[in-house]
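**Q** Listed here are the chains, written in short residue letters.
Number of protein chains: 2
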Amino acid sequence: MVRVKLLAVCLVIWLAAGCKSSPDKQTGSASQDSTATTKTSTSGDPLPSWNDGAVKKSITDYVTDVTKEGSADFIPVRDRIATFDNDGTLWSEQPIYFELFYALDEVKAMAPKHPDWKTKQPFKAVLENNMGEMMKQGQKGLLQIFAITHSGMTTDQFDSTVSRWADTAKHPIKKKRYKDLVFQPMLELVKYLQANQFKVFIVSGGEIDFMRAWAEDVYGIPKNQIVGSSIKSKYEYNNGKPFIIKTPELDFIDDKEGKPVGIMKYIGRRPVFAAGNSDGDLQMLQWAASNKFKNFEIYVHHTDSVREWAYDRKSHIGTLDKGLDEAIAKKWAIADMKNDWKVIYPSGK
Amino acid sequence: MVRVKLLAVCLVIWLAAGCKSSPDKQTGSASQDSTATTKTSTSGDPLPSWNDGAVKKSITDYVTDVTKEGSADFIPVRDRIATFDNDGTLWSEQPIYFELFYALDEVKAMAPKHPDWKTKQPFKAVLENNMGEMMKQGQKGLLQIFAITHSGMTTDQFDSTVSRWADTAKHPIKKKRYKDLVFQPMLELVKYLQANQFKVFIVSGGEIDFMRAWAEDVYGIPKNQIVGSSIKSKYEYNNGKPFIIKTPELDFIDDKEGKPVGIMKYIGRRPVFAAGNSDGDLQMLQWAASNKFKNFEIYVHHTDSVREWAYDRKSHIGTLDKGLDEAIAKKWAIADMKNDWKVIYPSGK
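Read top to bottom, the protein sequences are chains A and B. Quick note: the first sequence, position 289, residue 289 per the working numbering, numbers continuous. Quick note: the second sequence, position 323, residue 323 per the working numbering, numbers continuous.
Chain A with its partners taken away, still in its complex shape (with noise of 0.2 Å):
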């Protein structure tokens, strides 16, 4: 429950800042599926958003180093294991995570099937956009919204309703779809890693199916490289039409300790290569740090209040504090990224 007791608290803190989602249905997908990975650099710069300078530097030295055949650092391909966060690390997380956007979405894309949601809560408040009731809901509240937008439907239902959503929806305050406010430095590392061999995953905390529907396409990274949380799901054979439906039963909180529980869950073995943002991330990069092969870590820094968010040891939501001691101590790096990235989104701002 901590995943939703955090999501509880960015409520609290989106319905105080008044900020309001915009899906705009009407847009249409076909005409908008041009995704972030098709754009490609057509210098020999691999990393072409990054700015020259000792991060840059660090992530190419290492990448060299370990891939050379003869290098006393050589990895073999099948340990080259590549591990990335995803909120705040591969797009953005603020003022809320994106997926709380959708679940507050989908309430009232839903709320003509569920006339009684007028008059009950927590779905009215959201319905009529009253944060003052919202915020009295609390966690009970959010819980129920979770459930009723990530639970009830078959595994197909929820693929297409999260990828139809992600075709459309737009941020509130970037006025972008949120699948275009991805990080494009961190796509073009994506892709650098991936050509030189490594299999690259994300170990998010947010629900694995969400972000399976939009992800693959996004970032360029196969489904079953997708880790993140879940809820239990159950067979019914349906007289030979079998389907999955997603239960309300908590399974899995890909966070914290959980995500080198999810590593191994998943993938098998650690990885040489972790990328965070916060101190959710920080049991990841320690894991990577345990590797007996030579190993990377590399924290996002919100540094930029123009072009992004800036926020770090204080923030209501991806907190960096021990993680940031902890990179500083033991020499990770840290992309800060007002000075380490010419872009920050892939339309070039």
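Misleading hints may appear alongside valid ones.
It does not matter which identical chain is meant; a pair holds if it fits inside one copy or across any two.
No farther apart than 27 Å at their CA atoms in a straight line, the calculated lysine-lysine pairs in the DSS-like style are these [said to hold, decoys possible]:
1. Lys118 with Lys108
2. Lys322 with Lys234
3. Lys223 with Lys256
4. Lys338 with Lys170
Hint data in this document are derived by calculation from the structure and do not stem from the laboratory. Everything numeric in this text was worked out from a predicted model, so none of it was measured.
Assemble the complex: chain A is given as a structure, and chain B must be docked to it using the hints.
**A** Below, chain B without anything else, positioned relative to chain A:
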């Protein structure tokens, strides 16, 4: 606990039959590391160990059809997911699951550090090969054996213990290492699918870390593409030397209805190709059969009492009854070991 119950039944039968496993710790592994996957065909036939006939033709016809650009049945590479059961499908499973041989062997190997086991059940009975007493211990005793040999150690320790066992322990009847009792025709099938850009997964009722310790090398399937039953594990930081410890708590049973659930959990999409040998695989085959892409289901039918074992509808292990009916009714492929396979094992026999 389904699987454990099954194991209990098998153990009783195994004990009644008076079988004895013989791990040969003296053999050494370096000289024996030529695994089955190193074997390659020199002819143009991708399935040289399969006799020409309807089953072999149906496999190659299917693969040719769905991988040919422009074919009406063409399947995009990312949807080419193949799932294989392990016990009885990729290696033998008689007279008891090989994982149970491991558990019993391990109790014996661990005994010197547990002098109390000489007088403590169920361990006493295992150490004395006392069948009558073991039978009296029943399921509770088996659970204790399973727990002591699969938990209470780090993932690293478990991995090295199992892989040492797999490198040396021999089957009591076949007098070969368990990992040499894999099916040569199935190794060729896995390779053939991989060569045609299918992503091949193992989806086994066996414990996931047990499988991963040896199956990657033996089958040429990466650890992260091995799905199985699991117990919970826990991250411990240990002053900068983190480890993950396996607890005795059950996490997930990857058998029967659990197989499609495990597939969606670990893979995130339906297979187009599924191979099994028992009723425990039926739901996995049904799940593949519900794929919108042209799909292929195959049962390995144990019909060779001379070269392997012959069993199906009334077997104490790997029962194939409902599944056989459904395979016949739906015209799924049925590989008749005796008639369809030129050889059973990589040794050529």
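**Q** Starting from the hint list further up, note which numbers the structure goes against and sort them upward.
**A** Violated hints: none; all satisfied.
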